[in-house]
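Chain by chain, the residues:
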Amino acid sequence: MTRNITIKTPSPKMIQVFDDLREKKQQQIKKLSEKKECTFTIVV
Amino acid sequence: MDLSFDIKNAEGDHVMVALSYYDSETISLFSSDPLTLTLVFYDVTLVRKAGTGYVGYNILFAVSDTLAKFMMENEDAVLCFYCDADTDVRRNHDRLLPQEYRSKLFSKMFEWYVRSHKLKGFINYKVEIEHPNNSASRQFAHFICREKHQEAVATIGHLLMEK
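Going line by line, the protein sequences match chains A and B.
Take the first sequence: its position 25, counted from the start at 1, is 25 in our numbering, and no numbers get skipped.
Take the second sequence: its position 13, counted from the start at 1, is 13 in our numbering, and no numbers get skipped.
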């Protein structure tokens with residue numbers, strides 16, 4: 001089941017959380033972009 | 001704890017999937033509710049390493065399968081998928097922002113998977129926020145959890161919505 005939640009006027013706390021999520025995402029993207037290969041490979 | 005997988009197909013597509021743990025100190029900044037502190041939050045990141053055109057369906061299903069197996073093996077896990085807005089993504093619908101397209105695709109992948117595997121007991125919370133000073137700037141994040149944990153996840157949402 002998918003539940004959709006839209007927040008038109010997010011609280012400062014909510015904005016901060018999303019900014020933190022964004023920062024974590026950027027760090028992870030950078031890490032993965034530099035990684036050549038992982039320990040586990042799935043071939044489909 | 002970080003976990004990462006390569007997923008490849010015969011057509012030359014290569015996607016890297018990573019699960020990265022949010023430490024409890026970070027979570028406690030958002031919520032001190034004891035119910036939420038029993039959960040373990042993981043960031044889910046996907047990076048395309050090779051391939052042109054649209055990512056093959058078999059790759060997308062393999063991504064869903066990997067995440068589903070992770071959830072099955074980790075009782076208290078909550079997957080967090082923040083939809084990146086900074087990297088462009090190949091899409092048919094140019095009117096959609098990259099983050100909006102990623103969000104729609106993620107929800108579609110979730111729905112396809114639970115339907116095809118007749119899975120019950122999981123919820124995909126899709127949260128969209130509009131920036132108060134810029135209505136064109138929209139952010140999307142998904143939180144996948146077990147139904148039995150929905151109250152704890154919703155509690156975080158309510159706490160964050162307090163002014």
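Hints listed in this document are in silico derivations from the structure and should not be mistaken for laboratory results.
Each hint should be verified, as a subset may be incorrect.
When the alpha-carbon atoms are kept at most 35 Å apart in a straight line, the in silico DSBU-like pairs for lysine-lysine are as follows [claimed, not checked]: (1) Lys120/B with Lys13/A; (2) Lys104/B with Lys36/A; (3) Lys108/B with Lys30/A; (4) Lys108/B with Lys13/A; (5) Lys36/A with Lys148/B; (6) Lys30/A with Lys8/A; (7) Lys35/A with Lys49/B; (8) Lys104/B with Lys35/A; (9) Lys104/B with Lys49/B; (10) Lys69/B with Lys13/A; (11) Lys35/A with Lys13/A; (12) Lys118/B with Lys8/A; (13) Lys30/A with Lys104/B; (14) Lys108/B with Lys24/A; (15) Lys24/A with Lys120/B; (16) Lys148/B with Lys8/A; (17) Lys30/A with Lys69/B; (18) Lys31/A with Lys148/B.
Just so it is clear, the structure is predicted and the values come from calculations on it, not from any experiment.
Evaluated hints:
Between Lys120/B and Lys13/A the CA atoms are separated by roughly 32 Å; this keeps the pair inside 35 Å, and the hint holds. A hinted pair counts as satisfied when its Cα atoms are at most 35 Å apart, and Lys104/B with Lys36/A qualifies at roughly 29 Å. Annotation: proposed proximity of Lys108/B to Lys30/A holds, straight-line Cα distance about 26 Å (limit 35 Å). Our distance criterion of 35 Å between C-alpha atoms is met by Lys108/B and Lys13/A, whose separation comes to about 29 Å.
Between the alpha carbons of Lys36/A and Lys148/B the distance comes to roughly 38 Å, so the proposed pair goes past 35 Å and is violated. Proposed proximity of Lys30/A and Lys8/A is supported: the alpha carbons are some 30 Å apart, at most 35 Å. Of the pairs offered as hints, the one joining Lys35/A and Lys49/B holds, with about 9 Å between alpha carbons and a cut-off of 35 Å not exceeded. Restraint check for Lys104/B and Lys35/A: the C-alpha separation of about 27 Å stays at or below 35 Å, so the hint holds.
For the proposed pair Lys104/B and Lys49/B, the alpha carbon gap of about 21 Å is at most 35 Å, so the pair holds. The hinted pair formed by Lys69/B and Lys13/A meets the criterion: a straight-line CA distance of about 32 Å does not exceed 35 Å. With a C-alpha separation of about 33 Å, the suggested pair Lys35/A and Lys13/A falls inside the 35 Å cut-off, and the hint holds. At most 35 Å may separate the alpha-carbon atoms for a hinted pair to count; Lys118/B and Lys8/A meet this at roughly 34 Å.
For a cut-off of 35 Å, the pair hint linking Lys30/A to Lys104/B stands: about 23 Å separates their Cα positions. About 24 Å separates the Cα atoms of Lys108/B and Lys24/A, which keeps this hinted pair within 35 Å; it holds. About 30 Å separates the Cα atoms of Lys24/A and Lys120/B, which keeps this hinted pair within 35 Å; it holds. Between the alpha carbons of Lys148/B and Lys8/A the distance comes to roughly 28 Å, so the proposed pair stays at or under 35 Å and holds.
About 25 Å separates the Cα atoms of Lys30/A and Lys69/B, which keeps this hinted pair within 35 Å; it holds. For the given pair, Lys31/A sits about 33 Å from Lys148/B by alpha-carbon distance, which is consistent with the 35 Å threshold.
Hint compliance for this structure: hint 5 alone is broken.
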